[in-house]
Structure formats: C-alpha cells, structure tokens
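With chain A fixed as given, assemble chain B onto it according to the hints.
If you want the building blocks of each chain, they are given just below.
There are 2 protein chains.
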Amino acid sequence: MTYIEKIKNFSDKNIRVLDKVRVITKKEEGFDGVLIPNSEEDGLVLKLSNGYNRFVEFKNVKKIELISRGEKIASIPSIKITRKKGLPNVVLIATGGTIGTHVDYKTGGVFMCRTPEQIIATVPRISKVVNIVRMLSPFTIASEDITPEQWQEIAGMVAREVNKKSVDSVIVTVGTDTMHYLSAALSFSLQKLSKPVAVVGAQRSPDRGSFDGSMNLLCAAHYCKSKIAEVATIMHGSSEDDYCLAIRGTKVRKMHSSRRDAFRPINDLPLAKIWPNGRIEILNQRYTRRSDSKTILKTGFSKVGLIKVFPGSNPEIMDWYIKKGYKGIIIEGTGLGHVPTGESSDKTKSFDKKLSWLPWVKKAVKKGVVVAITTQTIYGRVNPYVYRNLRLLNRAGAVFCEDMHPETALVKLAWLLANHEPSQAKELIKKNFAGEISEATINKAFLY
Amino acid sequence: MTYIEKIKNFSDKNIRVLDKVRVITKKEEGFDGVLIPNSEEDGLVLKLSNGYNRFVEFKNVKKIELISRGEKIASIPSIKITRKKGLPNVVLIATGGTIGTHVDYKTGGVFMCRTPEQIIATVPRISKVVNIVRMLSPFTIASEDITPEQWQEIAGMVAREVNKKSVDSVIVTVGTDTMHYLSAALSFSLQKLSKPVAVVGAQRSPDRGSFDGSMNLLCAAHYCKSKIAEVATIMHGSSEDDYCLAIRGTKVRKMHSSRRDAFRPINDLPLAKIWPNGRIEILNQRYTRRSDSKTILKTGFSKVGLIKVFPGSNPEIMDWYIKKGYKGIIIEGTGLGHVPTGESSDKTKSFDKKLSWLPWVKKAVKKGVVVAITTQTIYGRVNPYVYRNLRLLNRAGAVFCEDMHPETALVKLAWLLANHEPSQAKELIKKNFAGEISEATINKAFLY
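Protein chains in written order, with my numbering: chain A, 680 to 1127; chain B, 680 to 1127.
Derived from the structure by calculation, the hints contain no laboratory data. Do not rely on the hints blindly, as some may be mistaken.
Where chains are identical, the list cannot tell them apart; a pair therefore holds if satisfied intra-copy or between any two copies.
Said to hold, decoys possible - With a cut-off of at most 25 Å between alpha-carbon atoms, the simulated DSS-like pairs for lysine-lysine come out as follows:
#: 1; residue 1: Lys738; residue 2: Lys1041
#: 2; residue 1: Lys807; residue 2: Lys977
#: 3; residue 1: Lys1042; residue 2: Lys906
#: 4; residue 1: Lys741; residue 2: Lys844
#: 5; residue 1: Lys705; residue 2: Lys763
#: 6; residue 1: Lys1046; residue 2: Lys1003
#: 7; residue 1: Lys1109; residue 2: Lys1006
Chain A on its own, in the form it takes in the complex:
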C-alpha cells in the first residue's frame, strides 16, 4: 500500500500530499498541518505552522480531515554558475546537514543537495561576491553521525585546496549539531593555515521562512575575501537576519538547540561581525593574517573519552575507558575543575571512599592514559592551585586545560595523542596551537 493509500484509510476525502489537514489521534489530540511525504516509516508527517515537522504513527491515527487543498508551487530555479574576473576563487566542500538540503517543491519534502548549482540556488547573490570554482562532496552525512574519520577526510581536502595557488579560500558546509567539534578538528589539523576557511551550516531548513543558510553562506563568502587566515564558523549573530559572527574554530560552541544565533564564542571574542552587504567589523585583533606559507596537514585523532562528574557519580567508569584502550580521558569537573575526593568531608560524615576519583585518576595515569581536566560550567578557566582538592587532583597526575571548553579539549587531546607520545601530549595540551587558550580573561566574552 502506498503512502497516499494508507492516508485514504482515514478519510473519505481524496487527500493529497501538500493538502492542509487535521489529524485526530486516538489520544484525542488534533494536529493541523500540511501533509508532506514520508517514504520510510509507518506514519505520516505534517509540516506544522511553526515550521517544524511532526510525525504521527498510522497506528495512532483515528481520523484525517481535509482543511484546504494544497497549492502547486513552482519548482526550484536552476542556476548557471559563471566565473567573474576579479572575484576570489572559492572551493565549496559540502558534507550534508540542513544547509545542504533543498525543498522539492513537487512533494514538499526536504532532500540533500547533490550539486553546487543546487546549493548556490538558495543564495544567488553569492556569485557576485566570489567565484565558486569547484564543489566537492566527499559524503552526505547529518552531523550527529560524523566521526573523527570524516574530520580527517575533510581536513585533507581543505589542505589540498588551500595549498593551490588558484584557490583563495575554502567554505565547508556541515550540519550544525557537531559543527563546533569539526571546526576545532580543522583548526588543529591545518597548521600554519594561510587562507580563510569558513565552516557554515543552517539551523532552519530551506522550506521555512526563517531559513538562515543562505545568509550564513553569503557572509561566509565575505569572510573568504577577508585577511583572516583562520578556521571560523560563520553563523547568525542575532535572532534577526542582520549579521553573522565569525568565531574562531577552537572557541565556538553550539549553545542552543534551535535558535539561529546558537553558535557563541566561549572565553573569547568573535573574530568579526559580518553583514550580508559585505561590511566586516573586526572584533578581535588577535588573529592570524593571510600569508604565502604552505599549510601543513597534521591530522589524525586517537580514542579519547569524555566524562562529566556529578554528585554521587561513580569514578569506576574510568576503568572502563582504561580497559577499552583509550589513550586519553577528558573530565568535565565542577567549578575550577573539581572532582569528588571526599577529602573535604568533616569527621562527622563518613564519605564513601568508593566515590573518590583520586585513586582512579592515579590508576589511569599509571597506565599511561592522559587525564585532562575541564569545567562543566563551560565558561571560565580551570585552576589546579586555588583549593587543596584541586592540588590533590593535580598531584594525582591530571593536567588542567586552562580556558579550553570541554569539546575543544577533547578534540585537541585526541589530535595530540594521534601525533605524539602520551608524555609529550600531556605537556602539549597546555601549548597554544590554534588560539584555543586565551592568555588573559576577556570579561566581555561571558555569555556573549
């Protein structure tokens, strides 16, 4: 039975895809929305008025009422890309994610773009800013399914392209969920980077009025013309369509599940504000400038675990990572980098010694695992000296990651351990490779 045949079971009207309908479920709930196709599951999908899709299993559907007929919408225009003299040459690497989707106006469904023309069609103005000379698409994967193996592949591709004389910069489009992990991975992998590398995504799909991908892409093109030779994410800076922020790849984090301005700098100022009309305001003077140097590809990522401690958390989990052959563990401690030790408990309370993390940190370190401390507060710096419990953790062999947020520390340690001996990696974690450690605390950066 086809999708539409199944739909017809619940209505005497001849309901078609793109019709506006009311779906009444057995739980007595009703949903109004536009019926869109769904080939893979045993249920229907409605586009709700808030723009989100809502899936309803057929087994829960009681009745479907027709509200109004759907209109036919013109199909997506085809764009012919022409090269203009004097514009910088940009290579686009598309990897999937919401930004790499387009709406099929025949069916209302959202599909992955397969050609540069399809991506450019969402933002025709880009061809007045840069020449997209080539589009590469190594794979099409939603960002939650991207692994370090793919970071490596993208890094290799970017390195090859930026080292070509004919290329002025590179744009990478990717899903937003793990975009900040990728941007950190590229920042470390591309040593002595000589040209701008923009990492761009979209928080909203192209079938929504609030689609942000085209403006982000346009601002990324402007970033490509700048003199900032750093990996940076280019995403909405506010919830309006007014400007984007270029944020250093090692100091950026997705801080909201759905807002368009979800990407924020952590313990750092954004590199620049970029307006769709091409205006660029530098916000952070400490950036690397374009150069003629050769970009050196140094990539690879070892297995590193991430553990967030919490009241009553069981430190024995560290043993699982040791036994699985992990070469490093990032701990998200509390505050300045604390883990439970039991050492602060007064004599009236017996702290369950099994809850102290110190013996497990010592054991991991003894086995050659690098244990590195970050903070779950996200903002701020860890410090091994202020309190006695911190010093105990430091002396147990853990290394403190300054003001790197946990995700950047994770990517960096994985990268270091793939390229160095553990003892070296432990020292190098405190060395600045790609702007990931701020020397001084920037007050304005908090909740920027």
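Relative to chain A, chain B alone:
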C-alpha cells in the same frame, strides 16, 4: 620540622607567616605573595596579589626572599545576635563551602565557620533584616564532595523547619560547585512548599576584597521576607556589587568557573532582582506564592548515570550502567537531542554500526532502565519529532526531557525513580513538579 622551619631552609632572613615574600623555584619562576600557613602538605602557600592562593612544593623551591614584613591584623569581631520584634524568623542551615569560611586574622588562613555568630559576623547588617533564630550545621563539606545522601538530609531539615509556625523561611549556605544540583534536589523534595527557601554561596573567599558571600547572604535575607515560596539560589547578578538574582532552583546553573555572577537562569527568567538595600523587583510573574499549606517531604534519589555523546563516542558505555544496576540514564545529546545512529550516512560511506546508540538504548529500555534525552547545548528544548534520527531514538524507547537542562533532568529522574516504578517515572519526567519545564520558549532567557 615545622612549616616555618622548612621555610627557613630557603632563606637567611627570619621569615614569618604573613610576611610578603618572593619565592624563586627551580624552574626559574618567581612568585610574589603573602606567606600563609599550610599544615597538610609538603609545600608552602602564597596569597597572590590577585587574591588567589598559590601552592608551591618545597622540593621545587630554590630560594625565598623577604620583600616586607607582614602586619598584625586585629582579630574578627564577635557578634552578639539579638532578636528584634517584627522581623521574620529565619533558620540558617550551613553545610560548608567558601561562604561558610572565615579568615583567621592571626594566621591568614581560611577556616570553616562553626557558629552562627561567625557567619553573621561577615554581614552584621543581616540582623536588621531578619532574626536568625537558629543555625543548624549538619556537616561541613565542600560542595564537590556532597552526594545525594546529603541532599536528602538537608531536604529533611528544611521540611521540618518550614513546617514550624515560628519559622518564616530558611537559608541554606553551601559551596557553589554543585549548588545548582542541590537547589534542584530541594525543589523536587519539598512538594507544596509554603515559604521561601534561599540557597546561598560565595565565589570568592572572605579574605578577598571581592568577597561576595556577605552581599549574597544579605539579599537572601531580603528574599526570606518576600512572598515567593520557591527554592531559589541567591547570588550576584552582575560582576559588580550592585544586585543579586533569585533564580528558581530547577532552572539555574553555574555557568562560569570563577565569576561572582556565575549563576544564570537556563530557559527561564530569574524570579527576581534583589538589591542589598531591600528593593525587590519581580522579573517572572509565574511563581508560587506563600501559603499556609503543609510542605510535604518527598525525597530520596536513585542511581542515575549521565552520558554526554560526541563524535565517535562508544555507545557500549551504556552497558556499563546497565550492569552496575543503574535505574536511569540521562543522555546529553547534540542539538535537538541527537545521538549517532548511522542512519543518515549516504551509501558511499560505511558507518561503523558499532557506533550507533540505538541498539543500546533499546537494550537498556528492555532491561527496565529509563533513558532520558537532554541537550549538551544547555539552552533550548529537545524535540523527538523534527528529524527522522530523533524519531528513531524516540521509538527506541528514550523519553525527551523538554527544556530541562541536563543537571536538573538528572536530579529529577533520580528523584522520580526513588519514589515511583520506572514505567511511572518515565511518564512523570514530562510532568512539571517545580517549574522545571517551561511551557513556552522565553527568548530573553538565552544567555541571560
């Protein structure tokens, strides 16, 4: 050999505690600071000019130079607490942490307060606002060492006190590292709460000019006079000494490792702004008012794990929790609540099926473990309907935690599982018990 005798090994001057010295280490680094006592470790502690303590192991010390002699400082004044008619009666429960410390001016060391008089001595003005009728100190533990067992003990104490006619409200002082976990635990444990409960700490110790504990405590006293019958943290609202924020116990998170205004509301507005002079501005009209109802103590916390997923993370870790007898697992997904599934990879890439979380979620659910989804973006709401990968996770049996941030979801699930069957707990996680779920999205709350 005493501390001072060890110090003398490195200097020909007769160095004493509280002298200003320069410590030169074997690494050729020099530290200037005031020598303060340190009885427990094999090293010295300097109070640096930035207010932080710096520990230096004796084995690394090369030389100690005298800069200037320390002055004798008058000892802490003793405060006599008198009850004033007409002021509300407040019970103070002190549990440890930086706010519960005072400086011993004889030695320069920071010690835990043991009596109400000692805490009140740091903020004498409080006695003009409320009568501290009683101080209880169940234990003195730094907050990184507090466990759910202690949450339960504090909850029991608060319940007993608020149910007394003679008591108008309760202040709990605690270390800040896990203060937001405690405030959530109290919010859930004290059902039908009828009076204000203020949770207060300090980010800076009392020997520093920037000590925030006294103003926080004073504003907490003002909160005790208010009509807001909720558990709320009372901490600095800005980096100045101008006002505090009262933030609902289930919607607050420590967002900076060291700033005084580290406690911020997540997906919610603060309940109120409170100035030290007693002015209170309500910022959130949706709060519970004081009543005559009996506060019901419903407490207890089951073992619940917390896992943060990341690119390449190994889902087999879930099995560790299942085998250890955990009754619930909170997953910090990416974006709207994603975990790696491999379902989005195109045919050109073979996703390592071992990295899909779906089979492990199914296994956990089958074993009766409640698997609940939150987002590592901290801000925003998870949603099981928008993308196919989310629906697959939902259908694998995971429950989505709306706009609760991971720490509140963790405490809530632990609390539910201690008081209900798993199947009930799974339903109840989406029910609002203590303002932990916002019905509508509050735009102003992002990065507040």
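TODO: Could you work out which earlier hints the structure fails to respect and list their numbers in ascending sequence?
DONE: Violated hints: 2, 3, 4 and 5; rest satisfied.
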